[in-house]
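These protein sequence lines are chains A and B, in that order. Letter by letter, the first sequence follows residues 1 to 91 of this note's numbering. Letter by letter, the second sequence follows residues 1 to 163 of this note's numbering.
Simulated from the structure, these hints should not be mistaken for laboratory data. Hints may be right or wrong, so weigh each one.
[What the hints assert, rightly or not] DMTMM-like, lysine to aspartate or glutamate: derived pairs with alpha carbons at most 25 Å apart:
id: 1; chain 1: A; residue 1: 47; chain 2: B; residue 2: 161
id: 2; chain 1: A; residue 1: 58; chain 2: B; residue 2: 124
id: 3; chain 1: A; residue 1: 39; chain 2: B; residue 2: 9
id: 4; chain 1: A; residue 1: 50; chain 2: B; residue 2: 161
id: 5; chain 1: A; residue 1: 39; chain 2: A; residue 2: 72
id: 6; chain 1: B; residue 1: 7; chain 2: B; residue 2: 154
id: 7; chain 1: B; residue 1: 46; chain 2: A; residue 2: 88
id: 8; chain 1: A; residue 1: 50; chain 2: B; residue 2: 9
Here the structure is a predicted model, which means the values were calculated and not measured.
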Amino acid sequence: MGETDVETKTEVDLAIPWNVVVHNDPVNLMSYVTMVFQKVFGYAKEKAQKHMLEVHYKGRSIVWTGAREQAELYVQRLHGYLLLATLERTQ
Amino acid sequence: MFIRRSKRDLIELGEIEPIEGELLRQLPSYCDPSGDAKSEERLFSKPADPSEAQIIRDWEEFVRPEIRHLFLSARQVVEKDLEQLNSVSDSLEELSIPLPHGDAWLNTLNQARLVLAARYDFSEEELSSHESPKTFFQRDVALMQINFYAVIQERIIDALESG
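Looking at chain A on its own, in the form it has when it is part of the complex (with noise of 0.2 Å):
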């Protein structure tokens, strides 16, 4: 693969979005999730309440998406909250 290619791809990566995912983590306490979510996106109580329930429900909620920079800057914060999340590509 030749250097164009590389770079290429690695422009494609940054331009399509990418999702938050959070995960289901039986440990994390609900109403700790919904609080985490509030600090890190600056959700209202309702938003972050409709996450936290849909990871419990469901296994998991994306919580955001956008530009990959700042969705890898989302996930270091939630990480830094204990939550499980992971950055996936929305392609």
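Position chain B against the provided structure of chain A, taking the given hints into account.
The following block gives chain B in isolation, referenced to the frame of chain A:
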């Protein structure tokens, strides 16, 4: 024991029974995942699917050390606050946590609960059971500790949100 937010922007833990004081003193020691791969894996989980090898490599090199440092800093804040408790006590004690230390406490309590849960491999059903244990093996005691720390977490969240 009671936990409440005071007018002086403190989270006050009062009437702490000797056994509760002992569990609080032990809290930072349970946060260490050393020697237990499952605990280490849970505290420092992967940021992406294994197919995203580059993301995972970069994360391990640059982000994981920062997260490790964050966890250690939170524990140090809690250890400092815990110095208010006597090393051995047979009477009721009190502990005041400055409000800005609330996040460090929540983080440290979570570290301990996650390490204990991973180390003893508790199932979701066990963690959500509120039945009293029928035996008192080390595993039963660990589950009680997880639940005890959860109650403190809940009360600290209440105190932080009641401002």
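Hints versus structure:
1. A:47 with B:161: 17 Å, holds
2. A:58 with B:124: Given pair residue 58 of chain A, residue 124 of chain B holds - Cα atoms ~14 Å apart, limit 25 Å.
3. A:39 with B:9: Judged against 25 Å, a Cα distance of about 20 Å means the pair holds.
4. A:50 with B:161: 18 Å, holds
5. A:39 with A:72: Distance of about 16 Å is within 25 Å: holds.
6. B:7 with B:154: This hinted pair holds, its Cα atoms lying about 19 Å apart.
7. B:46 with A:88: Holds: residue 46 of chain B and residue 88 of chain A sit about 12 Å apart, inside 25 Å.
8. A:50 with B:9: This hinted pair is violated, its Cα atoms lying about 30 Å apart.
The structure fails hint 8 only (numbered hints given earlier).
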